[in-house]
Amino acid sequence: MIDILMPRLSDTMTEGAIAAWLKKPGDTVAPGDVLVEIETDKAVMEQEAYEAGILMEILVEAGENVAIGTPIARLDDGSSEAPAPVPAPADAPVSAPVDPETVEAVELEPVEAPTVVAAAPSKSRPERRAATPLVRKIAKERGIDLATVAGSGPGGRIVRADLDVLPAPQATSPIAVPAPASPTGTDMREPEAVPFDAIRHAVASRLTESGTTVPTFTATASANVGALLALRAQINEANTDTGVKVSVNDLLVRAVAVALRAHPGVNASYSEEGRGQTLVHRRVHVGIAVASPAGLVVPVVRDADRTAVSAISTITKELVSKASERKLSADDMADGTFTISNLGMYGIEHFTAIINPPQGAILAVGAARDDLTLVEGEVVVAKRMRYTLTADHRIIDGALAAQFLATLTELIENPLRIVA
Amino acid sequence: MSVISYRQALHDALREEMLRDEDVFLIGEEIGLFEGSYKITAGMLEEFGPRRVRDTPIAEEGFTGAAIGAAMVGLRPVVEIMTINFSLLALDQIVNHAAKIYGMFGGQARVPMVIRTPGGGGQQLGATHSQNIELYYAFVPGMKVVAPSTPADAKALMLAAIRDDDPVLVLENLALYNTTGEVPDNVQPAEIGRAKIARPGTDITVVSYSRMATVAVQAAERLAAEGIDVEVIDLMSLRPLDRDTIIESVKKTSCAVILEDDWLTYGIGAEIAATISDGAFDWLDAPVRRVAMAEVPMPYAKSLELAALPSLDDAVNAIRETLDAVARRR
Chain S
0 MIDILMPRLS
10 DTMTEGAIAA
20 WLKKPGDTVA
30 PGDVLVEIET
40 DKAVMEQEAY
50 EAGILMEILV
60 EAGENVAIGT
70 PIARLDDGSS
80 EAPAPVPAPA
90 DAPVSAPVDP
100 ETVEAVELEP
110 VEAPTVVAAA
120 PSKSRPERRA
130 ATPLVRKIAK
140 ERGIDLATVA
150 GSGPGGRIVR
160 ADLDVLPAPQ
170 ATSPIAVPAP
180 ASPTGTDMRE
190 PEAVPFDAIR
200 HAVASRLTES
210 GTTVPTFTAT
220 ASANVGALLA
230 LRAQINEANT
240 DTGVKVSVND
250 LLVRAVAVAL
260 RAHPGVNASY
270 SEEGRGQTLV
280 HRRVHVGIAV
290 ASPAGLVVPV
300 VRDADRTAVS
310 AISTITKELV
320 SKASERKLSA
330 DDMADGTFTI
340 SNLGMYGIEH
350 FTAIINPPQG
360 AILAVGAARD
370 DLTLVEGEVV
380 VAKRMRYTLT
390 ADHRIIDGAL
400 AAQFLATLTE
410 LIENPLRIVA
Chain H
0 MSVISYRQAL
10 HDALREEMLR
20 DEDVFLIGEE
30 IGLFEGSYKI
40 TAGMLEEFGP
50 RRVRDTPIAE
60 EGFTGAAIGA
70 AMVGLRPVVE
80 IMTINFSLLA
90 LDQIVNHAAK
100 IYGMFGGQAR
110 VPMVIRTPGG
120 GGQQLGATHS
130 QNIELYYAFV
140 PGMKVVAPST
150 PADAKALMLA
160 AIRDDDPVLV
170 LENLALYNTT
180 GEVPDNVQPA
190 EIGRAKIARP
200 GTDITVVSYS
210 RMATVAVQAA
220 ERLAAEGIDV
230 EVIDLMSLRP
240 LDRDTIIESV
250 KKTSCAVILE
260 DDWLTYGIGA
270 EIAATISDGA
280 FDWLDAPVRR
290 VAMAEVPMPY
300 AKSLELAALP
310 SLDDAVNAIR
320 ETLDAVARRR
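Heads up: the protein sequence lines correspond to chains S and H, in order. Residue numbering for the first sequence follows numbering that gives the first Met the number 0, starting at 0 and increasing by one per position. Residue numbering for the second sequence follows numbering that gives the first Met the number 0, starting at 0 and increasing by one per position.
Bear in mind the hints are in silico, worked out from the structure with no lab data behind them. Every residue, glycine too, gets a C-beta built ideally from N, C-alpha and C. Take these hints with a grain of salt, some might be off.
Straight line, CA to CA, 30 Å or less: simulated DSBU-like cross-link-like pairs of lysine-lysine [stated by the list, open to error]:
| id | chain 1 | residue 1 | chain 2 | residue 2 |
| --- | --- | --- | --- | --- |
| 1 | S | Lys321 | S | Lys22 |
| 2 | S | Lys244 | S | Lys321 |
| 3 | H | Lys251 | S | Lys136 |
| 4 | H | Lys195 | S | Lys136 |
| 5 | S | Lys22 | S | Lys326 |
| 6 | S | Lys23 | S | Lys326 |
| 7 | H | Lys99 | H | Lys251 |
| 8 | S | Lys382 | S | Lys244 |
| 9 | S | Lys244 | S | Lys326 |
| 10 | S | Lys321 | S | Lys23 |
| 11 | H | Lys99 | S | Lys139 |
| 12 | H | Lys301 | S | Lys139 |
| 13 | S | Lys316 | S | Lys382 |
| 14 | S | Lys136 | H | Lys99 |
| 15 | H | Lys38 | H | Lys251 |
Here are some chain H residues pointing at chain S (derived, C-beta under 10 Å) [as the list claims (entries may be wrong)]:
| id | residue |
| --- | --- |
| 16 | Ala269 |
| 17 | Ala272 |
| 18 | Ala273 |
| 19 | Val325 |
Make the full structure from the sequences, and use the hints.
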């Protein structure tokens, strides 16, 4: 009998929710068969079986959320020492998924004698967490309850690296069950509790980390986008045969990437190594904040500084459509070095964003609006766009942020340099 | 400082000791006229004469016993056993006499004898001539067993073995004889029972000896290119075993891989793993991993022989998998 564990599907994953079971108890499973869809903090991913056998029992039902390393199902691979409940033949599938609760009740009821009735394995198992000796020693010293830690080692074993990512000893554990905010008669606000899904949970915990641990400042600049809009129209006109349509945002992604290339200090992350250091990233991967049906996600355009605007446009469209179908993979969202958040389409003039850790800065982009400007003493109407950089002050100083924004403004106002 | 072969380093050590101390003499099969099956004793008969360079019949038990007697009365014999496989014929002399005389007879006589013998496979010499059975001797209290992996260590350990007052088996290795390395001009005898950190590192401890210690260093160099910092411990001495150096290293890295040319089951690596469990249990972040020879008599066919021996790839994979288990690989 093999326990199938909640796998670790991304670097930041600490728990996962069962989106759907594609096999049911009694089904024959071959290696490579898709067993289950798992929703992580980043995406819904398919999990395949590694071993052949018969799926005996589902321990975590669809919709439930558990820590990585937690057994989610049991597979009979022939090595079974336990009595197999229903060795259903493969061609006669069990009519309905067996509810473990029901099975327990049926088995336990007739046995009324006060004999030692073994607790159901699915209940006692999560108590015994595999952890290395080093982890047990550190946990004892720091007073960490290992039952609250997700294990990323083989078979869900807790290794030291899992303790290193814990924020602080007394901080809430990643799998602590939130107190049920059940509406009571006394709360006159009559709240309705909407439990977080995995993505909401990730957004909440990562932005809390960013908002409470990163010292930031903001700097705002604006640009006349007349030339940019004209260039965009020109590109799209020239591309009528291919049908490629670039957006202002595509041009902006490329402009930001080029500006990051000119100011590598902004394309950087803070690191605790030694007495602290700046990790200056040699490659420019620009994340784009997308409000998807599943929640806020940030797919990444890799090497945006070396990618043509038309290619950025195609890649972005693909990523956005994947986001809307909840099909973004962890890879699609990995390795970003900078993020752009654009609320211009909602008419927002100006806003600030919270840094997407471990990145060093984020750009919040507003809408292009008609503005009265003095040009050589004449009042003229021009379209201006405002954008605000939020930067991690541990690694980025005000002057550097200002230089970066000046370069970006120059690029936007002389847009041929974006595409050249 | 000069770059010489492992073979030459052993030869130089023997010759220096023959010149330094008249009580040192060489004994074994084909070491005189034929200059040794692996030419370690080349030129010795000519230089030192038949009284100090003794060719013997094919009779390991006899000439090993003779050397024990000579050692008991004050000489310092250096016995060549052509390969460690043939030492089995002298097992009773080594285990029941050389190792026990000092203790059993109340310290009345010491046995300052050296047994030089190469182990190792990979030469297509078949199952009976390709073994790594140093464990049989490292198992026995009263014996000392050293196992150099570089020319400099071979010389330093051979000098130390000859000057030691107890029986010392110097494990040479067929695959190492032609390897070269820098040897200082004025090599001092090594301290028997002291391991060497062949390469300092912080990510993982790799423990090895003899040929596999050279594989360990190669694995460390290959992984260094990926940013993985491997600490390589070359045991140098199997008995006494430098447990402190192993334990201190694992306390630093929290994980270990052991590379050995012998068989896995009951092998030298099992003792190292137990040492780590005893001394560094609370620092371990992954199970100790062993890489050893396949559990078969050594096949003759070249392809099968290569498959049976632990390789550089085997070592690199084991290190990677162990680092994966502690989630420390990028």
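Evaluation of the provided hints:
no.	hint	verdict
1	S:Lys321 - S:Lys22	holds, 25 Å
2	S:Lys244 - S:Lys321	holds, 18 Å
3	H:Lys251 - S:Lys136	holds, 15 Å
4	H:Lys195 - S:Lys136	holds, 29 Å
5	S:Lys22 - S:Lys326	holds, 21 Å
6	S:Lys23 - S:Lys326	holds, 24 Å
7	H:Lys99 - H:Lys251	violated, 38 Å
8	S:Lys382 - S:Lys244	holds, 21 Å
9	S:Lys244 - S:Lys326	holds, 23 Å
10	S:Lys321 - S:Lys23	holds, 28 Å
11	H:Lys99 - S:Lys139	violated, 47 Å
12	H:Lys301 - S:Lys139	violated, 53 Å
13	S:Lys316 - S:Lys382	holds, 26 Å
14	S:Lys136 - H:Lys99	violated, 43 Å
15	H:Lys38 - H:Lys251	violated, 43 Å
16	Ala269	violated, 19 Å
17	Ala272	violated, 14 Å
18	Ala273	violated, 14 Å
19	Val325	holds, 5 Å
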